[in-house]
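Residue numbers (the working numbering), protein chains in the order written: chain G, 1 to 85; chain P, 1001 to 1592.
To be clear, the hints were calculated from the coordinates, so they are not data collected in a lab. Backbone N, C-alpha and C define an ideal beta-carbon position, used for all residues, glycine too. It cannot be assumed that every hint is accurate.
Example chain G residues on the side facing chain P (calculated, C-beta under 7 Å, incomplete) [what the hints assert, rightly or not]:
#: 1; residue: N20
#: 2; residue: V28
#: 3; residue: E30
#: 4; residue: V60
#: 5; residue: Y64
#: 6; residue: D65
#: 7; residue: G82
Here are the simulated lysine to aspartate or glutamate pairs, DMTMM-like style, with alpha carbons at most 20 Å apart [as the list claims (entries may be wrong)]:
#: 8; chain 1: P; residue 1: K1210; chain 2: G; residue 2: E30
#: 9; chain 1: P; residue 1: K1210; chain 2: G; residue 2: E21
#: 10; chain 1: P; residue 1: K1024; chain 2: G; residue 2: E69
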Amino acid sequence: MSGTSMTPERLTKRLSRIFNEVFPSLDVAEAPGATMDNVAGWDSMATIMLVSQCEEDFGVKIGYDRIAETKSFADLFKLIEGLTR
Amino acid sequence: MTQEGGVSPAGAVRRMLAGAQPLKPADIFVHGTRLLAASQGNLRLAIAGSCTTDFIARAAAVGIAQEGFEPLIFQAGFGAWRQEALDPDSALHRFAPDLVLLVNTWRDAVTDLPLNAPKAETAAAIAARVDAWRHIWDRLLGAAPGRRIIQHLPALPAERLTGIAEFRLPASPAAQIAAFRAALLQAGPDIIFLDTDGLAQDSSAWHGAKLPFAQDGLPAYTARFRAALRQVTGKMKKLLVLDLDNTLWGGVIGDDGVDGLELGPGTPRGEAFAAFQAHAKSLAARGVVLAVCSKNQPDVAESGFTHPASILARENFAAFECGWEDKPSALHRIAAALNLGLDALVFADDNPAECALVREELPDIAVVELGPDPAAFIARLEQGHWFDAQSLSPEDFSRGKAYQARAQAASAQTGAGAGDLAGFLRGLEMQARIFTPAEAQFARLAQLEAKTNQFNLTTRRYSEPAIRAFAASGGALVLAATLKDRFGDHGLVASLIAQTEGENFVIESWLMSCRVFSRTLEQLMLRRLIEEGRRRHLVRLRASFVPTAKNAVIAGLLPRLGFRPGDGESVWERDLAAPEDDLETYIDIEPA
């Protein structure tokens, strides 16, 4: 399954909204700089939540085997970009 | 486990989520994470299982908050559910939970047997597994009186092994799981089961994170958990309140008339409305009480149930609130009329504005927004698992009839003249037995004393030993009454205690279940009391009515029964010499 391709700006916007849903204290504007180190409460459970939200929102299958390597907004961005291209 | 008001973390979550319909997985994650950080609570839940329980813990925390409690949650180490339960000194036992949630999957139910293993071998393996399980439950329950267990009931794996053949092979995973489920239910009458069937299993989520079901199943899981939790807290939903226009039929009856309604065969929408009516009727048949809350002219609204395709009838509803007032006020009246708390109500309406208003004004009521598509109504209602039961009793199956009779009585009294009421009462073909109670009935009499709020003349609430003492005393009289009608046997529904004081026969207590109030059982019991008083050569009956917040329904009872004001405040008297012709009753004495 793959979604329709989208601009990097649009992907950033949608992914930022997902980050804000999972971390309400993280401002949408700050989301693109988010990493496991600089966001309070970002643990492996939060990564699972992010991944499952992205799967639903973008209509892609990321797979839970990628969780260990997903440590920042940029990591997720790259994963989704690859899956929706 | 007491309910708490005020602004607590759980209270804040409850309010925030009240408008979120339906819940989203991210809501559960965010609010659940916050609630898990709490350091105190009034409902201590320990979670142990054979998989990752972190998301289940968040869903449970949100569910507990939504049910009005403050969660304090402990999660046992990953996969350590057996050790934690069996070791009396484990962290789980030290946490001293009120409630234990055991999170298992089908993998815990299946014994590795050859696919063609004989039936007896499979049955023995399942029996051994269930015995071990029972032992685990007993260790958890035995450690603390009052503790309860919610046990996940494993569902079949998503994939079939050999198609239909799998179900014919006793040792196949599917056959083992089916047999295990049945055996576990059998072994745990004291356990509350949470069925995981229907929560989508995701092999990636299992292998990658040991999640028992896909993350988008979290809202559905939360609803199931809440249903299980209500079995523990006793805050069961009892009443389904339904809108009429575009809920029980298509169209607006005031504008379109009965003939213009969309209901029954002919159109897909009409069929869907009829299916929803049939669903409500099945709920009623197993004990859910139905009521109507609609903005309509009452007589016009009732005429909708004369539609040839209507499956529900007017008498299926215990309360029928039609008018132009706001729905929160009408819902208050319905709850009061049926003597139920608002938290026992589920309100279903197609109109989002009405739903929003009720959610806002009466947060204790569960609101089901049915939406515009009648084909989705049953699913919308059932996704809340509001009326899920662990088992049903004979009372559940007869409750509908009792309320139906009560509703008929009420409509006969208010809708038509006294002539109709007499006809109605006669038509009930009632038979009563009035007797001095024996040993076996004292517990029930004490229960009536404790539970009866409405028809309770003095609210003195005598205990079982006190009732026994009256019965043993020569100067006192204890009467009990049972009532049957053509709808069924109501059982022991009324009691009366009178005491001789000089030449007076004084009523110390008079109680009647509200189901049978106004059926002229009052008159029949009083006739019996008069007879007994004359036999004792007494002069008059004396009674006092002690008003409370709930017994206003019998405020006029004594004058209606021919009592006149006597000496002293709220003291009423009736001469025993006076003829009892005024005490008209439609109840026959049951032949012995």
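Chain P contact restraint on G/Y64 - CB to CB distance below 7 Å: Given a least distance of 2 Å, the restraint on G/Y64 holds.
For a C-alpha distance cap of 20 Å, please report whether P/K1024 and G/E69 respect it. It is violated: about 26 Å lies between the C-alpha atoms, which goes past 20 Å.
Could you check if G/G82 really has its C-beta closer than 7 Å to a C-beta on chain P? violated, 17 Å
Please verify that hint: G/E30, Cβ, nearest Cβ of chain P, below 7 Å or not. The hint is violated - G/E30 has no Cβ within 7 Å of chain P, the shortest such distance being about 17 Å.
Minimum beta-carbon distance criterion (7 Å), G/N20 to chain P: With a closest approach of 9 Å, the G/N20 hint is violated.
Hey, does the G/D65 contact hint survive, CB to chain P under 7 Å? holds, 5 Å
Holds or violated: P/K1210 to G/E30, with C-alpha atoms at most 20 Å apart: violated, 32 Å
Grab the minimum C-beta distance from G/V60 to chain P and call the hint holds if it beats 7 Å, violated otherwise. With a closest approach of 12 Å, the G/V60 hint is violated.
Assess, step by step, whether the Cα of P/K1210 is no farther than 20 Å from the Cα of G/E21, and give holds or violated. violated, 24 Å
Min Cβ distance, G/V28 to chain P: is it shorter than 7 Å? violated, 14 Å
Hint check: violations occur at hints 1, 2, 3, 4, 7, 8, 9, 10; the rest are consistent with the structure.
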